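A.B. asks: Here are the chains, one letter per residue:
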Amino acid sequence: MSRPDVLVDADWVEAHQNDPGVAIVEVDEDTSAYDTGHIANAIKIDWKKDLQDPVRRDFVDQAGFEALLSERGISNDDTVILYGGNNNWFAAYAYWYFRLYGHQNVKLLDGGRKKWELDSRELVKEVPDRPKTSYTAQEQDASIRALRDEVVAAIGKRNLVDVRSPDEFSGRLLAPAHLPQEQAQRGGHIPTAKNVPWSKAANDNGTFRSDDELRALYGDEAGLDFAKDTIAYCRIGERSAHTWFVLHELLDQPNVKNYDGSWTEYGSLVGVPIEIGDGQ
Amino acid sequence: MSGPEVSAAVSADGCGAPAGGAARPADVGNQAVVEGRVTRGGEAVPVGYARLLNEGGDFVAEVPLGTDGGFRFFAAPGSWTVRVLAPGGVNTDRPVIAQTGQVAAVEVSV
Numbered sequence: 001m002s003r004p005d006v007l008v009d010a011d012w013v014e015a016h017q018n019d020p021g022v023a024i025v026e027v028d029e030d031t032s033a034y035d036t037g038h039i040a041n042a043i044k045i046d047w048k049k050d051l052q053d054p055v056r057r058d059f060v061d062q063a064g065f066e067a068l069l070s071e072r073g074i075s076n077d078d079t080v081i082l083y084g085g086n087n088n089w090f091a092a093y094a095y096w097y098f099r100l101y102g103h104q105n106v107k108l109l110d111g112g113r114k115k116w117e118l119d120s121r122e123l124v125k126e127v128p129d130r131p132k133t134s135y136t137a138q139e140q141d142a143s144i145r146a147l148r149d150e151v152v153a154a155i156g157k158r159n160l161v162d163v164r165s166p167d168e169f170s171g172r173l174l175a176p177a178h179l180p181q182e183q184a185q186r187g188g189h190i191p192t193a194k195n196v197p198w199s200k201a202a203n204d205n206g207t208f209r210s211d212d213e214l215r216a217l218y219g220d221e222a223g224l225d226f227a228k229d230t231i232a233y234c235r236i237g238e239r240s241a242h243t244w245f246v247l248h249e250l251l252d253q254p255n256v257k258n259y260d261g262s263w264t265e266y267g268s269l270v271g272v273p274i275e276i277g278d279g280q
Numbered sequence: 281m282s283g284p285e286v287s288a289a290v291s292a293d294g295c296g297a298p299a300g301g302a303a304r305p306a307d308v309g310n311q312a313v314v315e316g317r318v319t320r321g322g323e324a325v326p327v328g329y330a331r332l333l334n335e336g337g338d339f340v341a342e343v344p345l346g347t348d349g350g351f352r353f354f355a356a357p358g359s360w361t362v363r364v365l366a367p368g369g370v371n372t373d374r375p376v377i378a379q380t381g382q383v384a385a386v387e388v389s390v
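Residue numbers (our numbering), protein chains in the order written: chain A, 1 to 280; chain B, 281 to 390.
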């Protein structure tokens with residue numbers, strides 16, 4: 001796919017935010033930002049309450065996703081434009097999630113909420129009223145989601161990309177540096193994983209770097225073998241969704257999976273190999 | 281100082297950065313905290329971002345500024361740079377040294 005198939009810029013959103021058939025969705029873990037101001041006509045999806053099963057650690061099931069989108073007024077034919085805070089982490093996760101359940105016409109707002117704010121574009125408090133729909137989801141597309149046994153089997157065989165910060169990768173930190181450090185799991189990374197922090201794929205303003213820069217980053221600098229299949233992971237799977245988007249959607253790499261269990265699962269598994277330090 | 285106002289909306293299994301940064305525990309304990317406020321002409325800058333860069337200049341973390349212009353990071357001991365981005369093309373760096381059990385304060389006037 002090319003960039004216009006998967007990304008829109010802020011000017012496009014301003015020109016099309018009132019179009020029928022366009023659904024603008026702000027996605028975040030903490031949706032209080034939406035409540036204080038959002039892009040006009042945007043609805044919100046709460047990454048945790050709406051997309052995660054409330055009991056088990058897993059996604060909402062197919063029927064649950066259908067119910068969510070129907071209730072929010074999104075139809076199968078809508079062009080869904082996703083954006084959010086945290087440099088689009090949770091929006092990229094939602095993009096991957098929409099793809100997982102078979103929604104094809106979905107795009108990210110390049111730069112997300114951050115670039116929109118830094119450009120001083122309009123944010124409103126008015127919540128749009130979208131009529132309910134009857135959304136039909138597909139079965140989960142297992143070709144883009146990795147589970148733990150597949151990850152362990154991929155050690156030394158496939159590209160493993162750890163997209164956390166170098167300090168998390170080495171085991172010096174157990175969580176991003178904007179959070180208190182937790183102690184419940186072992187630090188380090190999956191053996192043979194390359195550390196390519198998600199942030200290297202983004203400019204300061206949150207937009208994605210150019211295709212040529214991205215190809216050089218993962219190929220020449222990180223040494224990924226583009227002929228091999230790839231699994232990306234982070235701590236809970238949203239930063240790695242950002243990297244999945246870069247590799248699978250922008251660079252057109254086939255067979256890229258996101259391991260959403262990520263370090264909070266892997267670092268707590270009994271008996272699996274862990275490597276500490278800065279890696280090779 | 282009492283530290284910036286922060287959102288408490290962050291959970292153990294979440295990963296996002298709440299505006300202003302996660303709340304500072306009453307006992308800093310083994311955390312190496314970096315925090316401060318961004319102001320312009322003495323007034324808080326409530327729209328903008330604070331980024332934490334490591335000694336090599338690589339990105340480590342980012343939080344949106346709180347309503348009082350505040351930010352907070354939980355770093356490892358060492359030398360860091362706080363970069364502030366705000367509307368109007370503001371892009372300002374401040375060096376800071378974090379120590380375990382300490383709160384390193386960084387006031388940024390833009």
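Hints listed in this document are in silico derivations from the structure and should not be mistaken for laboratory results.
Everything numeric in this text was worked out from a predicted model, so none of it was measured.
We treat Cβ as the ideally placed atom computed from N, Cα and C, and that holds for glycine.
Among these hints, one or two may not hold up.
Claimed, not checked - Facing chain B, according to a computed beta carbon distance under 7 Å, are these residues of chain A, among others:
1) D19
2) D30
3) E126
4) R130
5) S170
6) Q181
As the list claims (entries may be wrong) - What the simulated footprint calls covered on chain A by chain B, stretch by stretch (three residues with Cβ under 8 Å from a Cβ of chain B suffice, anywhere in the stretch; the number is not a length):
7) 109-120
8) 158-168
A.B. asks: Run every hint past the structure and note whether it holds.
C.D. replies: Comparing the hints with the structure gives:
{"no.": "1", "hint": "D19", "result": "violated (27 Å)"}
{"no.": "2", "hint": "D30", "result": "holds (4 Å)"}
{"no.": "3", "hint": "E126", "result": "violated (19 Å)"}
{"no.": "4", "hint": "R130", "result": "violated (25 Å)"}
{"no.": "5", "hint": "S170", "result": "violated (10 Å)"}
{"no.": "6", "hint": "Q181", "result": "holds (6 Å)"}
{"no.": "7", "hint": "109-120", "result": "holds (count 5)"}
{"no.": "8", "hint": "158-168", "result": "holds (count 3)"}
Checked against the numbered hints given earlier, this structure breaks hints 1, 3, 4, 5; the rest are met.
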